[in-house]
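Fit chain to chain and form the complex, with the hints in mind.
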Amino acid sequence: MSSSKLLKGSLATIVLKLLEENEKMYGYEITQRVKEITAGEFKITEGALYPTLHKLEAEGMLSTETQKVDNRIRKYYSLTKEGNAEAQTKVAELEEFLLNLQKLLNPKLGMG
Amino acid sequence: MSLTTEQHDILVKYLKGVGIGHQEPFEEFYDHIATAIEKDKPEDVSTYLREVIQPSFGGAKGIKKIVLNQRKARSKMIWKRMKEIFFSLFGWPAIGIVMVSFILVQTSFIQLGTKFTIVATLALGFLLPFIILAYGAISFHRDCKRNNRNYRNSDLNSSLMLLVHLPFSLMNIFGNLIVPVVIGRDVFKHFISENIWLSTFLCAFALLYGFTCLKLTKEQFIFKLEVA
Numbered sequence: 001m002s003s004s005k006l007l008k009g010s011l012a013t014i015v016l017k018l019l020e021e022n023e024k025m026y027g028y029e030i031t032q033r034v035k036e037i038t039a040g041e042f043k044i045t046e047g048a049l050y051p052t053l054h055k056l057e058a059e060g061m062l063s064t065e066t067q068k069v070d071n072r073i074r075k076y077y078s079l080t081k082e083g084n085a086e087a088q089t090k091v092a093e094l095e096e097f098l099l100n101l102q103k104l105l106n107p108k109l110g111m112g
Numbered sequence: 001m002s003l004t005t006e007q008h009d010i011l012v013k014y015l016k017g018v019g020i021g022h023q024e025p026f027e028e029f030y031d032h033i034a035t036a037i038e039k040d041k042p043e044d045v046s047t048y049l050r051e052v053i054q055p056s057f058g059g060a061k062g063i064k065k066i067v068l069n070q071r072k073a074r075s076k077m078i079w080k081r082m083k084e085i086f087f088s089l090f091g092w093p094a095i096g097i098v099m100v101s102f103i104l105v106q107t108s109f110i111q112l113g114t115k116f117t118i119v120a121t122l123a124l125g126f127l128l129p130f131i132i133l134a135y136g137a138i139s140f141h142r143d144c145k146r147n148n149r150n151y152r153n154s155d156l157n158s159s160l161m162l163l164v165h166l167p168f169s170l171m172n173i174f175g176n177l178i179v180p181v182v183i184g185r186d187v188f189k190h191f192i193s194e195n196i197w198l199s200t201f202l203c204a205f206a207l208l209y210g211f212t213c214l215k216l217t218k219e220q221f222i223f224k225l226e227v228a
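Chain order of the listed sequences is B and L. Note that UniProt numbering gives residue 27 to position 27 of the first sequence, counting from 1, and the numbers run on in steps of one. Note that UniProt numbering gives residue 178 to position 178 of the second sequence, counting from 1, and the numbers run on in steps of one.
Just chain L, with the same shape it has in the complex (with noise of 0.2 Å):
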């Protein structure tokens, strides 16, 4: 038996009402809910709700606590699977891409020039995985859409979203405040091309960064609901 329209509604009322916005919580509760819902048959799914549902969560801050919760421990899955990726990196054979990022970087140095150099791997390295992750939150968003889904967004992909825009911010940051405001840019230009050993370094780890964040976002990331 499916819950009527009536009472899917004040469900989904009172699940948005108590801040679940994201796919994961939002259908695990509504799921849990409705079977309670479909069992103990109860005239007033609002006073059920409130006086029956609300308490054994703990109260709407019991629910939030726990969506909360539920957030941090998938974010720190989402960084161990991360720091997996990335050292997996520097044993055998994927050793091979670290030292093909250092060479391509430093051929690129002499080739092309410093400053083509840096910010085309910063580029490829942090901003490429940020586009492709946008997309994906905006198709993800689309099709949740077209399906009628009352929520928007996945706290997996949130998790993600943070992890890929973590480096682009903190660019942004030093780019524009640090350098600038502390260091002084001609400083900063006249150390960068004094120690190219760092320069190399900062554009492979960029390199390596990305690669890390496009293989977990293939990994992990819901670019499309999966409709049963």
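This is chain B alone, in the form it adopts within the complex (with noise of 0.2 Å):
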């Protein structure tokens, strides 16, 4: 399985936590951060950020604002209270499930 199949179930996370630590961004500013942070490991593509962000947006864990720049509006996200809270138990969660691979997949490392 590559990288990005696995990329795709977390990604919903990986919006959260990013718009947890930045208080708004935008579209391509996301897919240039985890580009950013992971030296090009991971690659978000378009076509699966954009429904995460509608998605999330619909279930009001995301709230939206417009801005003028380079004469050309821009569209900023950012977290709702909800949203906030959504995003700490989706960490949590990860972080546990990867704890746990960890230990499936390295059991010398996961018992130390």
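Simulated from the structure, these hints should not be mistaken for lab results. Hints should not be assumed to be uniformly reliable.
Simulated crosslink set (DSS-like; lysine-lysine; CA at most 30 Å straight-line) [unchecked claim]:
hint, chain 1, residue 1, chain 2, residue 2
1, L, 16, B, 75
2, L, 64, B, 68
3, B, 5, L, 72
4, B, 90, L, 65
5, L, 224, B, 75
6, L, 39, B, 17
7, B, 24, L, 76
8, B, 81, L, 76
9, B, 90, B, 35
10, B, 55, L, 224
11, B, 5, L, 76
12, B, 81, L, 218
13, L, 64, B, 24
14, B, 8, L, 65
This is the structure we're talking about:
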């Protein structure tokens, strides 16, 4: 399985986590931030990012605002109160999952 | 750094070509792709769009799917908000509006007659929001044109229009197809005059639906472009 398939399942958590750390972000900024943090190892495609952003917005996890930048409209996403709580829960869930995965894949490391 | 006029034209043509004609997806994707062009500085924008941008969106089909799914999600949000507004009318103190609607309809039946009351309440409840939204859509269209925008409609406005248009269409189908063909006009008239409680309920519902649509329009409808 390619890393992009593994990434897809965690995309909502990644977006929530990034928005938790940054007050507001726009779509392109999110893709570049992920690329930057992972030194180009993870590449979020727009085809996966936008449905995730729109879904989170529809669920009330994200709120949006627009700003005029360079003579065009930029849409910024930020966490709502519910989104903030969801970000913490999702990150904790993913951390626990990774820990258990670690135990399975490398029991010696898991014991330590 | 902004896009050159040539780059802007190619990008606008591309977005229109893949079927993005409404405000929200147009602005979001335009900004995303324009930022990418500014950063990557490709020599040939058309090739860059075809070979870099389009595949990352999942092809032209992928772009359309994103737009369609966002439209569906937005419609869902509008329906949810509409239900919230409608059912909030049955809580305190808004229940007063429901009670006044029923009293007005009942009084009108007695004072002004059944036919007049039905026509008046349907016009107020279903036609008035439709006219206001139609005016809003025209106003938005003209505003986009005046500001040289590359779209003429908004997803949000379209979703609201559908909601307001729905009872209007159902009423048309019922009045012009089901009543004359299936039920019969005379039978229907007799049924209405015999069951005054049903007419009262329908008229009051029309008024409450209209009130809900107007409140929703005030909250969400974009009459004018926000020019920063």
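Hints, verified against the model:
{"no.": "1", "hint": "L:16 / B:75", "result": "holds (19 Å)"}
{"no.": "2", "hint": "L:64 / B:68", "result": "holds (25 Å)"}
{"no.": "3", "hint": "B:5 / L:72", "result": "holds (25 Å)"}
{"no.": "4", "hint": "B:90 / L:65", "result": "holds (26 Å)"}
{"no.": "5", "hint": "L:224 / B:75", "result": "holds (18 Å)"}
{"no.": "6", "hint": "L:39 / B:17", "result": "holds (25 Å)"}
{"no.": "7", "hint": "B:24 / L:76", "result": "holds (25 Å)"}
{"no.": "8", "hint": "B:81 / L:76", "result": "holds (21 Å)"}
{"no.": "9", "hint": "B:90 / B:35", "result": "holds (21 Å)"}
{"no.": "10", "hint": "B:55 / L:224", "result": "holds (26 Å)"}
{"no.": "11", "hint": "B:5 / L:76", "result": "holds (28 Å)"}
{"no.": "12", "hint": "B:81 / L:218", "result": "holds (25 Å)"}
{"no.": "13", "hint": "L:64 / B:24", "result": "holds (26 Å)"}
{"no.": "14", "hint": "B:8 / L:65", "result": "holds (17 Å)"}
Hint compliance for this structure: no hint is broken.
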